[in-house]
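Peer 1: Chain residues, written in single-letter form:
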Amino acid sequence: MPAPLLSLRGLTKTYGTVRANRGIDLEVAQGSIHAILGENGAGKSTLMKLIYGVETPDAGEVIWQGNPVRLTSPAEARRQGIGMVFQHFSLFETLTVVENISLIVPGRKAELAARIRELGQEYGLEVEPRAHVHSLSVGERQRVEIIRCLMTDPRLLILDEPTSVLPPQSVTRLFQTLTRLRDRGVSILFISHKLEEIRSICDRATILRDGQVTGNIDPREHDAHDLAKMMIGRDMPAPRPAIAREPGEIRLELAGLDYRPDDPFAQSLSKISLRLHAGEILGIAGVSGNGQAELARLISGETTRPAAADEIRMMGKSVGHLGAAARRKLGFAFVPEERLGRGAVPEMSLADNSLLTAHRFGLVQRGLINRSREADFTARCIKDYDVRTPGPQAEAGALSGGNLQKFIVGREIMLAPKILFVSQPTWGVDIGAATAIRRRMVDLRNDGVAVLIISEEIEELFEICDRIQVIREGRLSPSLNVAETRVEDIGRYMIGAEERAGI
Amino acid sequence: MNAITFVLAGMLAAATPFLLAALGELIAERAGVLNLGIEGMMAVGAVIAFLTVHQFGTHSLGFLLAGLAGAALSLVFAWLSISLRANQVAAGLAIGILGQGLSALFGKNYESKTVSGLPKLSVPGLGELPVVGGLFTQDFVVWIALLATFAIWAALRFSKMGLVIRAVGENPAAARSLGYPVIAIRYGAVLFGGLMAGFAGAYASTVYTPLWADGMIAGRGWIALALVVFATWMTGRVFFGAVLFGAVSLAQLAAQAGGVNLNSQLLACLPYLVTIAVLGIISSNRRLLKVNGVASLGKTYIP
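As they're listed, the protein sequences go chains A and B. Going by this note's numbering, the first sequence opens with residue 157, and the numbers climb by one from there. Going by this note's numbering, the second sequence opens with residue 7, and the numbers climb by one from there.
For reference, chain B alone in the conformation it holds in the complex (with noise of 0.2 Å):
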């Protein structure tokens, strides 16, 4: 009873740096930009927040320091796969390792220090609730993670501004026809790609594991790109992979801890076995995958 009260008390929370930045990559993969250089947008938001909060104490400003880092990092990679028009793998690879290699110059003197987390906020009633209680005792950021994947859903299916990045995902050059500017339209998506990968950095070294160790995103991005992908670009289903995921990685510690006898590295393989089975299987609908794919994804647009 008490593995399953640790993994529904700790999932939102440890699918929270997966969440945000795999919803950031929806928008600018929906706006038909691949951008590969999540891991290092998220490396670079790490490090700031971790040394703005380490320096004044404040989350709230961290996280606006590593979110406007991450969208920077991803300017530079706007301005060379969308303006310049260089390959958008290279171009996000290039960029990607960037970001990792300016974390590491950053952190050098921080190795192993610790910032204080964030508080829990308990819904009213069902906080107290016995087993479930956990899943409504979460901290702020995780809260608002929430709501922008309400919020990122309402507007991908509903808004004019979701119709538009759709249909420059689609075809740019009808949207261009029709008088959008693709070119801008995708800069924002990249730029907001960045601005969430930075969040998600942010979360993942000043909440989740509030401590600097060079290194710690530890692949993070990359899961989050592949969240997108197997999530088929819907954002119920990149919320529901990234819940799944945060699960099985708190599972297979617990079942760990409470001495399962299997090999560890076994164990540890899991989360990411369990989470490309079953998003596997439900990407497998191909109509599904042709209404929900991104028809000039990775594509250089020549206007």
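One chain only, chain A, in its complex shape (with noise of 0.2 Å):
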């Protein structure tokens, strides 16, 4: 068996006293498409910012080729041969595709494009180098990150969670693109906590918890469910089985909704048009930037429409002149996408993000707060949707992507709402607390609430939704039944139908 292309021997990091990574062994081989699969904060990212050379660790060696290497800076990985692709890019907005690319690369621009267009031709990453990358969509980008790894011609290829912002049909071009790589010996380091993609292309991977490894294995031997075990160390809640039941009267509608947004890189709306039901949950599907958060704000009256126009109506009456207070007292909730600055203030304590919106359930009398209410209010909140945190007074900024999320939901819904949306309802939070928060939505639809949920994940919108509705450039798709539906139809919609595939 020929030498690994990578090992790492007990390497640890600690901030503060989180210890991201303890004792992590792990070996890389040649031509291997090799995941790494956890869940969110078990200590996959900061095991790449290591490799990477972005964070250097407090113990342990780096193995590069058979040699003991010191990785101390992303540069220094780079000329090793490491490359890495980051889920949130790293790309310069306002630089053009080559420009981008030059600024690790050398060389002259023109030739920089030809080779960018070769690269693009041989792997399937087609990408216009003189486009300006705020002009590029997400998959567009990755493309462009990936080409930008691959000119300073790695050996180790990583690539963080790069299918969470892509459509599906791309997600394939992408697999299309990996498995070329791997023929061509370059290895592929693959972090994602989807487990069907790793038992599709990865041909080892590396279970992570708390920052250790818990297995070490073929994922084409195993089936999801016993990774999903592996990866948080008990068996899977299942789902919430929605109650077939007839939808109720019409609660929020949209009719005809055109929107022109002052700001340039923001999406335009035109004509959409939705109807949400008492008792039914309707998904909004599409790919990031697509209109999402545009649309998100004019149902939320963060951005108001002229009275005259008459577009957004809850409950019957017209609400688009209407600015977010207003909309929440006739009984409206919304969980913004933005967890940290729009639906918490991270520096406040939990019990004063809850009087930010709950302030009208007594816990503000003739003005003055009413301490034990606030306080009552929020411990029952974290009772109930089993936030993990030392108690009310916590700062909402300490607590995880996934406990603040259960907190802002659970606060919501602790409103009594007629209509609920959730933007992003489980960005960024682990499987425990997902499937946690899926289960009250499918709960509050069988009490008759009327929710309406945007997100990027196509399986989470399946498994809670009767309905889904595709947003494209700034249009929505006509209504789709999930009962009806394959997730192919939903991807023809995110991608365009009309267009080839791969956008």
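These are computed hints drawn from the structure, not numbers from a lab. One thing to keep in mind: the hints can contain errors.
Here are some chain A residues the structure puts well away from chain B; computed CB gaps all over 10 Å [as the list claims (entries may be wrong)]:
no.	residue
1	Y171
2	P310
3	E317
4	T328
5	G371
6	D374
7	R376
8	E409
9	R431
10	A464
11	G487
12	L496
13	V501
14	F517
15	T591
16	R642
In silico DSSO-like pairs for lysine-lysine, Cα to Cα no more than 27 Å straight-line [stated by the list, open to error]:
no.	chain 1	residue 1	chain 2	residue 2
17	A	K574	A	K539
18	A	K574	A	K427
19	B	K296	A	K265
20	A	K265	B	K166
21	A	K385	A	K539
Here are the computed distance ranges between Cβ atoms for each label pair [unchecked claim]:
no.	chain 1	residue 1	chain 2	residue 2	range
22	A	A480	B	L276	42 to 52 Å
23	B	P309	A	A480	30 to 40 Å
24	A	A480	B	I103	40 to 50 Å
25	A	E274	B	P187	28 to 38 Å
26	A	E232	B	L276	56 to 66 Å
27	A	E217	B	I288	51 to 61 Å
28	A	P546	B	P187	38 to 48 Å
29	B	P187	A	K539	42 to 52 Å
Just so it is clear, the structure is predicted and the values come from calculations on it, not from any experiment. Beta carbons: idealized from backbone N, C-alpha and C, even for Gly.
Build the complex from these two chains, which are given one at a time in their own frames, with help from the hints.
Peer 2: The following block contains the structure:
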């Protein structure tokens, strides 16, 4: 057996009191696609930062092609032949593709542009070198990142959750690219928490939990259930079944909503129409950046419309001109996608954060805060929604993403809304918390609340929604009944059925 | 006709202090650092240059020392705002006030003293033309400033260094992940800004009005700062704004001298109003603003 390309021996990294990586051993073989599997917070990202030289380990050694190395900077890692594609892209939006690439690859722009085209054709990564990055789709940006890595001629390519931002057809295309790279001798470290993906493309998987390796397996020999168990350390809770029920009256209606934002980088919306009934979950699918953020602001009331437009109706009342507070008064509750700064104020305690939207529920009396009621409300939310925190006085910013999300969703549900609108309910949330949040939303639906969800995770939408509409370039597809729809159909709407696959 | 000749002949020289300071600030801001201390750095440059020229009579030495003095003051600002991560606005204001104080202190015994200016160099052939001839007859520093404008435009647009500065200004964290020394680049940009502000002050005190008076910079550093923002961080527009301001300043002087029957205070406001209006209108294109805007400007970078 040939020597491994990369071995890690006892790698340890501690941040303050958090031991992000504890004695990690890992071997990546030449020409393999190796998965690093784990929940959020399991230590995957830290491990990748250690390998790519962004952080240096407190203990342990890195052996690269048989020799111990100290990777003290990304530049050093690149020189050794390690490339990385980040989850949140490290591209510069105001620069062109070729300018971005010339930041780490020496050479004249004309030559670089020619090489970008060449690599694009060879690996199915076509992109226009002179285009500005801000005008590119997410899939195209990812291609730019991969090309940028490939131009440094790496032996090992690290991809951090590469599929989390892609529509299904682009995922297929990415996998073809990765297979082709492996066949030419490039090893790939593939970070993910999506089990089916790992089973379909990886030949080795290392599983992390709480900063430690808990398994080292061939993912093709295990089913998704096994993998999940290794990842979270216990059995997955079963999804909550939705009770068959007739949808009730229309709670939220958008009628031909047109919107042109002032911000030139924002997406315009055109002729958005949807109807959300009591006792159903409607999901809005789509690749991010297709108008979800703009739509969410219009529905929540952060962006208002002229009263005459009459495009947005809640509980039969025209609300387009009303602000967020007035809409909440009608029984609307909203969980925005950014937890820190929009869903919660990071510097404030959980108790004060509950006050932000629950102030109408007796928490404020005669203009003064009733601290004991505030504490009761917060304690109840923490208990009922299984928020892991020292208590109501904990700072919101100190909670992990999953716990804070459970708190915010819980707070909004406790307002007993008629409409609950959740944008990206489980983004960056671990599997356990994500399942809990989804069960809550199904419960709410079963109780007759109208639930609207924006999500990029198609599996999630299929699990809990009654109907799905797909948003693409600011337009909404017709409503699709989940029971009669296949994932590929949604995927086709996500990329625009009339265009070639893979955009 | 006389007024036009007068404006054409003088506008480049009038624009030069603004232009030099604004070009330096442009580089600092492109790298993501808002240096509000420009006024003080100009004041220090002005006094150092004046003392040097008064003492030794050599302008080149005066400019050199003035540039170094501006850079030294900007080094203090960089240390506060980049290394110690102080708020850029507060640190910039403090350093600016310090600079004005130092300038008053050093210049205390030179009030109303004068030095000789610089001779004008004429482009052969063009300099003798009627009306526009004055435009081609300028002192050495003006020609250097024009060259610097072109060089900075080309560097930001075409060179690797310019690319790296823009990248650091847009997203310092990403630039660091690519292995660029963000801190060092920001230091360099701020020092360049201080150097240029020192030159600008030197020009104001030893060439444009070669006479010492306390507070002689008189807000020109603030105008330079405003020019950078109104010019949406584009070199060509910084140049245009500076020349426009210089031209309108001279035009209103010509108007006063020519006996135009308007309140002189109102006329004195004119350069400010016209520059704000014109640059305000051309910077109203939000797409351009977003593409050229510096995303990390004024934000403390913590690696």
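Peer 1: Could you say whether the range 38 to 48 Å given as a hint is met by the Cβ separation of P546 (chain A) and P187 (chain B)?
Peer 2: This hint holds: roughly 40 Å between Cβ atoms.
Peer 1: Is the Cβ of T328 (chain A) more than 10 Å away from each Cβ in chain B?
Peer 2: The assertion about T328 (chain A) holds, with a minimum of 28 Å to chain B.
Peer 1: Does the claim that R376 (chain A) lies outside the interface with chain B hold up, using a Cβ gap greater than 10 Å?
Peer 2: The assertion about R376 (chain A) holds, with a minimum of 33 Å to chain B.
Peer 1: Does the alpha-carbon distance linking K574 (chain A) and K427 (chain A) stay inside the 27 Å limit?
Peer 2: 25 Å, holds
Peer 1: Classify the label on P310 (chain A) as holds or violated, using whether its beta-carbon is more than 10 Å from each beta-carbon of chain B.
Peer 2: The claim holds: P310 (chain A) sits with its nearest Cβ about 14 Å from chain B, beyond 10 Å.
Peer 1: Hey, does G487 (chain A) actually stay past 10 Å from chain B on C-beta?
Peer 2: 36 Å, holds
Peer 1: P187 (chain B) and K539 (chain A), beta-carbon distance inside 42 to 52 Å?
Peer 2: For K539 (chain A) against P187 (chain B), whose Cβ atoms are near 49 Å apart, the range 42 to 52 Å holds.
Peer 1: Check the hint pairing K265 (chain A) with K166 (chain B) against an upper bound of 27 Å on the C-alpha distance.
Peer 2: Holds, at about 10 Å.
Peer 1: Confirm or reject: R431 (chain A) is not an interface residue toward chain B, with every Cβ-Cβ distance exceeding 10 Å.
Peer 2: 34 Å, holds
Peer 1: Using the C-beta atoms of E232 (chain A) and L276 (chain B), is the stated range 56 to 66 Å upheld?
Peer 2: 58 Å, holds
Peer 1: Is 42 to 52 Å respected by the C-beta to C-beta distance linking A480 (chain A) and L276 (chain B)?
Peer 2: Check passed, 45 Å falls within 42 to 52 Å.
Peer 1: Regarding the assertion that Y171 (chain A) does not contact chain B, is the least Cβ-Cβ distance greater than 10 Å?
Peer 2: 15 Å, holds
In the structure shown, no violation is registered for any of the earlier numbered hints.
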